[in-house]
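**Student:** Take a look at the letters that make up each chain.
Number of protein chains: 2
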Amino acid sequence: MSLNEVFNVEVNLIEQAIFTHFEEKASLAHPGYEKLKDSVLYSLKTGGKRFRPLLSLLTAKALGKPLEQALPVAKAVEFIHTYSLIHDDLPCMDDDDERRGQPTNHKVYGEAMALLAGDALLTESFFLLAEAYRQTPAIATEVIWLISEAAGTVGMVGGQAMDIEVPEGGHSEEQIRWVHEMKTGALIRTSVEAAAVACQASPHERESLRKYADLLGFAFQLADDIDDFDPNSPESTSIINNQGVDATRAQLLEVTEKCIYAVEGLNAKGLKTVAEFNLNRV
Amino acid sequence: MSLNEVFNVEVNLIEQAIFTHFEEKASLAHPGYEKLKDSVLYSLKTGGKRFRPLLSLLTAKALGKPLEQALPVAKAVEFIHTYSLIHDDLPCMDDDDERRGQPTNHKVYGEAMALLAGDALLTESFFLLAEAYRQTPAIATEVIWLISEAAGTVGMVGGQAMDIEVPEGGHSEEQIRWVHEMKTGALIRTSVEAAAVACQASPHERESLRKYADLLGFAFQLADDIDDFDPNSPESTSIINNQGVDATRAQLLEVTEKCIYAVEGLNAKGLKTVAEFNLNRV
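As they're listed, the protein sequences go chains A and B. Just so we're aligned, residue 21 is where the first sequence starts under the working numbering, counting upward by one. Just so we're aligned, residue 21 is where the second sequence starts under the working numbering, counting upward by one.
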C-alpha cells in the first residue's frame, strides 16, 4: 500500500480542501482570472504525495484534535510547496517540460501565467491562514510567523538561491547540509510545528513534535538522495558524494529510529508510519 | 519640490528601514544567500517614489501616532511593490531591460535570481508583519489579512493575470476599471488601511481613511493614464481610450477633491498634500 492509500481519509480531505479553495474564489469570474485559477488548479491537481499537508493533519491526530483544526496549515504548506514547484520548473530555473508525467504549468499556460500562479499560491497561503485563524489571532500570528520564515530568505527561497549559486570547487559538506535543510527541511518541519501551534500543543508536546519534524526532514532528504543517486551524473549538492551510498543508508536508519523515538510520548501512530514509509521507500 | 523632498524625514526613515532589513538577515552569509541579498537590495535601492510606504507613515501622522507604529506596514507594502516590479520586468512578462534608468534586476543578477528575489520579498513581507506586531496579534492578523488580500488573487496578482489575458476585441470599460483597481488600487488602498489598523484607528477614522485611499488609488491611476497616454500607441487597458484626455482630466480633479474631503475630520495635512501632488503631476 502507498502512503496515500494508508491515509486516504486524510488525503481526500486535503485534496477536496485545496481544489475547492480556488473554485470558491472564482465568483468574480473575469476572463484573466479564470485562466489564473485554471493554472493554479492544474498544478494543485497534478498529484504528488501530499506529504507536507499529511504531516499537518497527522500532527492534529497525534494531539487528539480534529483534523480540521490543522487543515488551514495543511492547505498553506501544500500551496507553498506547489508554488515552489511551478517556479522551479520555469525555463530560467530547472527548465523542466514534465512533472509527474504531465506537462509543467508553463508548458500549458505559458510562462507569464505560471509565474503569476506561483505568486498567487504563495500570497494565498498567508491570506487563508489569517482568515481561518482570525478568531484566535495569537495562533494566526505564530503560524504565519513560522510558515513565512520556513518559506522565505532563511528557509526555502534562501536554500534555492544557495543551490543555484555553486561556488568554485562545489559546495562543502556543511553547505550541502545547509542547502538541504533550508530548501526542503524547513517547510517539512513547519508542516508539523505550525500544525502543533494551530492545535494548541503544550510546550512539551511541541518540543517532541519539533524534534520529530527536524529528524524527519533530514531523513526525507537522505532518502531522496539515495533515490536520486546516479553514480554516472552525481549532483553537486548530494550528501552521497561526500560519504557514499552505504553510509547514507546507515545514517537514514539511525535518523529514522531517533525520529520515531521523539514522539514516543504521544499517540502518534500516523506520524511514525510516515517515518517508516520514508525509510522503506529506498 | 518633489514629493520625496517635502517628506524627506519620512522617506529617509523608510529607506533606512528597508535597506537595513536584508542586511541584518545576512548574518548567515552563505554564498548563494549573499547574492540573493544583493539582488533584493539592488531593486530596493533603485529608487522609486516610495509612494505606498509614504502613505502608510502619513496615515500614522494623520492619526497622531508615532511613524514607527506604521513602519512595518510601510516596509511590507514597499517589499510587495518591489517584488511585483522585479517579476513584471522578467522576459516572460514585460521583458524590460531598464527601470528608472538602471538595468533591471534580471539583467544584473540573471533571471533565476531575480525570480527568487521577488519570491523572497513577498514572503518576507508577511514574516516581518507577524514578527513586528507579535505582541498585538489581533493587529498582526488583520494587517496580514488586508495586505495579503490586496496583493493576491483578488488583488494585484489577479489584476496582472487579467491584464495579460486581453479578450478578443479588447477589455470593456468595466474590465479596464477592474484591472486598474486590482493591479494598482488594491495595494495603494491597503497601504493606508493596514496602517490605520496598525495605529488602532477608531472605526470612524478607519472609514474616512479607507474612503480617502479608495479615491486616491483611482486618482493615481487616472494621473498615470494621462501621463502615459500616447495617441499613436494607445494601450489596451487605458481609460482614456474610452473617454478621451479632457474628460479624464476633469474626472481626476473631481476625484481628488472628493479624496481630500474624505479626511477633512482628521489632522491629515500630509495625506492631502499627496493627493494634490498626484493631481499636479499631469
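By construction, these hints were calculated from the structure, which means they are not laboratory data. Ideal placement from N, C-alpha and C gives every residue a C-beta, glycine not left out. Hints are supplied without guarantee of correctness; some may be wrong.
[Stated by the list, open to error] Heads up, incomplete: computed chain B residues facing chain A, CB under 7 Å, no partners named:
1) Leu105
2) Asp114
3) Leu142
4) Phe146
5) Pro251
**Student:** For each hint, tell me whether it holds in the structure or not.
**Tutor:** Going through the hints against the structure:
no.	hint	verdict
1	Leu105	violated, 13 Å
2	Asp114	violated, 9 Å
3	Leu142	holds, 6 Å
4	Phe146	holds, 4 Å
5	Pro251	violated, 26 Å
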